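Visitor: Sequence:
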Amino acid sequence: MTTLANKTILITGASQGLGEQVAKAYAAAGATVILVARHQKRLEKVYDAIVAAGSPEPFAICFDLMSAEEKEFKQFAETIDEATGGKLDGVVHCASYFYALSPLDFQTVSEWVNQYRINTVAPMGLTRALFPLLKQSEDASVIFVGESHGEKPQAYWGGFGASKAALNYLCKVAADEWERFDNLRANVLVPGAINSPQRIKSHPGESKSERKNYKDVLPQFIWWASQESRGRTGEIVYL
Numbered sequence: 010m011t012t013l014a015n016k017t018i019l020i021t022g023a024s025q026g027l028g029e030q031v032a033k034a035y036a037a038a039g040a041t042v043i044l045v046a047r048h049q050k051r052l053e054k055v056y057d058a059i060v061a062a063g064s065p066e067p068f069a070i071c072f073d074l075m076s077a078e079e080k081e082f083k084q085f086a087e088t089i090d091e092a093t094g095g096k097l098d099g100v101v102h103c104a105s106y107f108y109a110l111s112p113l114d115f116q117t118v119s120e121w122v123n124q125y126r127i128n129t130v131a132p133m134g135l136t137r138a139l140f141p142l143l144k145q146s147e148d149a150s151v152i153f154v155g156e157s158h159g160e161k162p163q164a165y166w167g168g169f170g171a172s173k174a175a176l177n178y179l180c181k182v183a184a185d186e187w188e189r190f191d192n193l194r195a196n197v198l199v200p201g202a203i204n205s206p207q208r209i210k211s212h213p214g215e216s217k218s219e220r221k222n223y224k225d226v227l228p229q230f231i232w233w234a235s236q237e238s239r240g241r242t243g244e245i246v247y248l
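Oh and the sequence shown: position 192 is 201 in the working numbering, straight run, nothing missing.
Among these hints, one or two may not hold up.
In silico BS3-like links for lysine-lysine, alpha-carbon gap of 27 Å or less [to be verified]:
| hint | residue 1 | residue 2 |
| --- | --- | --- |
| 1 | K96 | K83 |
| 2 | K96 | K161 |
| 3 | K181 | K80 |
| 4 | K80 | K96 |
| 5 | K221 | K83 |
| 6 | K80 | K50 |
No lab work stands behind these hints: they were computed from the structure. None of the values given here were measured: they were computed from a predicted structure.
Generate the whole structure from the sequences, applying the supplied hints.
Guide: Put into structure tokens, the structure is as follows:
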């Protein structure tokens, strides 16, 4: 069974949905997880659930990716460095921002900016700030959570699809730049149709039976964060 023992991994969007489930699965696999989200009470519930399950005690940090600039990302990285003693073996970018499916003429500039802000700019800013810590790890994996419309443009997906396409580009740039580091890798995982709050919002008419459960994709999230995936980088993987 794939293990994440002795790894410290940061997960954004960890207070609900996929981020919450990934955090719990990583903790159950032995990782010390760093829970990052905007909502304190939701974070506390996830923290308590991990502790109650007997998994390694996590860290929980409230951080607003929407408003963060260089200074805030730098301070955040310093907090992680101090809290973990400089240990960070991975990041999973689960935080996501989605408005609604609509024609381009109904979408606003602010909606596009906000979706890019969370879906593309924040992963870049956070990965950049944490890069010095990741370089120190014996084996570090950065996972970006993608969406199929990032590769397959379709009507009504507008700003969300475009921001996910940019995320794919970001991942491949990082993987290319990190080629000289055999301890670093970056990949995009595309979960597909799962029973997440975002999927329910984007496909309100879809029945539950048409969607996968979290348990169907979590083993692969664990594998791509583990040492078993070492050497695999710059890939867009459909789960």
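Visitor: If you draw a straight line from the CA of K221 to the CA of K83, is it 27 Å or shorter?
Guide: Violated, because 37 Å separates the two Cα atoms, which is more than 27 Å.
Visitor: Would you check the hint for K80 and K96, treating anything up to 27 Å between C-alpha atoms as holding?
Guide: 21 Å, holds
Visitor: Is K181 close enough to K80, meaning Cα to Cα at most 27 Å?
Guide: 26 Å, holds
Visitor: Does K50 sit within 27 Å of K80, going by the straight-line distance between their CA atoms?
Guide: 25 Å, holds
Visitor: Holds or violated: K96 and K161, Cα atoms, limit 27 Å.
Guide: 37 Å, violated
Visitor: Given the proposed pairing of K96 with K83, does the C-alpha separation stay at or below 27 Å?
Guide: Judged against 27 Å, a Cα distance of about 16 Å means the pair holds.
When held up to the earlier numbered hints, the structure conflicts with 2, 5 and fits the remainder.
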